[in-house]
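**Student:** Taken in sequence, the protein lines are chains A and B. Per this note's numbering, residue 262 is the first one in the first sequence, and the count goes up by one each step. Per this note's numbering, residue 3 is the first one in the second sequence, and the count goes up by one each step.
In short, the hints are calculated from the structure, not lab data. Among these hints, one or two may not hold up.
Unchecked claim - Calculated pairs, DSS-like style, for lysine-lysine (alpha carbon to alpha carbon, straight line, at most 25 Å):
#1 B:K168 - A:K296
#2 A:K321 - A:K347
#3 B:K89 - A:K359
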Amino acid sequence: MKRFLPVIVFAVLVAFLAIGLKLDPREVPSPLVNKAAPAFKLPLLAQPEAMLTPADLRGKVWLLNVWASWCVSCRVEHPLLVELAKTGTVPIYGLNYKDKRDDAMQWLRERGDPYLQSISDADGRVGIDYGVYGVPETFVIDREGVIRYKQIGPLTPEALRDTILPLVRKLGA
Amino acid sequence: MRRPSYQPARFAAFARGLVLALVWVPVLLGSAAATAKEAADAATNPALEARVMAVSEELRCLVCQNQTIADSHADLAVDLRNQIRTKLQAGESEREIKAYMVERYGDFVLYRPPLKATTVLLWVGPFALLALAAFALWRTIRQRAQRLAAAAPSDAELARARRLLKPDPAGHSDR
Chain A
262 MKRFLPVIVF AVLVAFLAIG LKLDPREVPS PLVNKAAPAF KLPLLAQPEA MLTPADLRGK
322 VWLLNVWASW CVSCRVEHPL LVELAKTGTV PIYGLNYKDK RDDAMQWLRE RGDPYLQSIS
382 DADGRVGIDY GVYGVPETFV IDREGVIRYK QIGPLTPEAL RDTILPLVRK LGA
Chain B
3 MRRPSYQPAR FAAFARGLVL ALVWVPVLLG SAAATAKEAA DAATNPALEA RVMAVSEELR
63 CLVCQNQTIA DSHADLAVDL RNQIRTKLQA GESEREIKAY MVERYGDFVL YRPPLKATTV
123 LLWVGPFALL ALAAFALWRT IRQRAQRLAA AAPSDAELAR ARRLLKPDPA GHSDR
């Protein structure tokens with residue numbers, strides 16, 4: 262027993278380090294999941310005189326995608342969003358985070374606009390309310406206006422297929 | 003095809019310089035502007051600013067995780083400091099502001115995490131390890147003392163050793 266002690270200690274250490282390698286320290290689990298989506302009242306990107314609040318979307322399951330024209334990873338996930346919008350599975354709303362209106366409009370013209378509406382959060386206050394810290398982020402919000410899932414970082418085909426779309430189907434059923 | 007005046011090395015150096023300038027100039031200008039704005043705020047109300055900093059020092063910056071919001075120049079940290087300032091001006095207490103941050107970003111934002119079921123290991127773990135190590139040390143010391151006691155020479159052996167070490171009055175050695 263005594264002879265194997267160093268081996269056992271080593272094995273435990275390796276196990277801990279292996280688990281540590283798999284964890285992403287940048288991913289902070291959101292405490293907002295299963296809480297009501299924070300209220301906001303923000304102007305639409307396309308028509309700044311019109312406002313949108315989450316209350317308008319009661320009764321729908323929808324995605325809130327936080328994006329910005331300055332955000333590099335948003336470019337990676339954007340084609341996926343455009344694709345998803347074409348299928349019409351779930352309405353996607355955009356939260357245009359700390360962006361300039363002209364840049365954002367230009368971005369959508371160039372890359373396609375998957376959003377039913379984008380709202381502009383120019384000073385990032387609503388972003389803070391939603392605990393945004395790494396754009397892009399995507400929230401799944403249910404019919405009662407409760408956040409059911411938060412994707413931090415760009416959407417991936419796997420995340421959509423394995424997590425988000427099944428969840429949307431379940432919530433919509 | 004190649005023109006004689008074309009110098010790839012010089013062009014590459016120029017391109018590198020251009021890219022560096024394009025990247026850094028806006029960054030530096032941007033942070034200078036942010037710092038200038040904060041400096042102006044600090045000048046108008048140093049007492050408030052001290053409180054903003056006191057709260058900021060307790061909160062982790064989500065973007066650069068080993069810095070506090072007070073230390074960081076990340077955009078989000080600047081925004082969060084502004085949010086703290088607004089809330090303090092609105093008369094909210096430091097406790098309320100921390101609760102507000104925890105609601106949004108979780109306990110992870112606190113540099114001093116609260117003691118609860120999920121953080122027990124974090125708080126108790128080091129002391130448990132210390133206790134374990136102290137126990138191991140105590141056992142080792144005791145075992146060694148026992149081994150030494152077992153190996154201690156008997157009275158007869160001691161007497162013989164004394165005899166051997168004593169200078170011989172007859173003047174001849176054992177050897």
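**Student:** Could you work out which earlier hints the structure fails to respect and list their numbers in ascending sequence?
**Tutor:** 1
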